[in-house]
Structure formats: C-alpha cells, structure tokens
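**Q** The opening residue of the sequence shown carries number 1 in the numbering used here; numbering runs sequentially from there.
Rather than coming from a laboratory, the hints here were simulated on the basis of the structure.
Hints are not guaranteed to be accurate.
[What the hints assert, rightly or not] Simulated restraints, written as ranges between beta carbons of each label pair:
# : residue 1 : residue 2 : range
1 : THR55     : ASP15     : 29 to 35 Å
2 : SER54     : PRO10     : 34 to 40 Å
3 : ALA68     : LEU3      : 28 to 34 Å
Computed from a predicted model, the values in this text were never measured in an experiment.
Cβ atoms here follow ideal geometry from the backbone N, Cα and C, with glycine treated the same way.
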Amino acid sequence: MALKFIGIWPNTPDDGSPTMWLDDRTGDLIIQSWKADAATIREAQEVGSVPGHSTDVPEHETVIRLPANMLRFIPRPDSEDNGGNSGT
C-alpha cells in the first residue's frame with residue numbers, strides 16, 4: 001500500500017483528529033474520524049440504503065462522522081491536485 005497524506009481536520013487541537021490518506025495504487029480513501037454515536041447510527045439505519053440491502057452495520061464495519069470541512073480533501077477524478085494537507 002502506498003498511502004499519501006491528503007488532509008487533517010482544520011480545527012485540530014492535538015492528536016487524534018480526523019485525517020485522510022489516499023492509496024496511490026487503488027485510489028481508495030483511508031479515513032480516520034470520529035465514530036458516529038448511537039443516535040446517528042439509528043437514523044442512518046432508518047433512512048436505509050438501496051432496496052434489498054440490510055441497514056445493519058456488519059461487525060467488520062463502522063459508521064464514522066466526517067466533519068463537513070474535510071470534504072474538500074476528497075480527491076476529484078478530474079483534478080491533478082488530490083487535496084491539501086493541513087486544512088489551513
């Protein structure tokens with residue numbers, strides 16, 4: 001895996017803040033963020049997904065909450081620049 005750091009939450013006061021990396025080989029995003037609380041998970045399950053798919057969160061997955069101001073770091077296919085790095 002060849003990870004490239006692409007951004008950290010602009011309001012980070014210390015360690016443990018939402019962070020994003022891009023896997024250069026697969027194009028996958030690797031995201032560290034806050035675990036969603038139980039109310040958010042319940043609401044996501046109530047809203048649902050595509051027809052025929054369970055809304056349960058499998059044991060090997062989790063629901064995370066990504067701050068809105070981190071969306072700018074998500075790479076765009078039509079962009080050479082895949083995000084910033086500090087969020088400033």
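**Q** Against which earlier hints does the structure fall short, listed by number upward?
**A** Violated hint (a single one): 3; every other hint is consistent with the structure.
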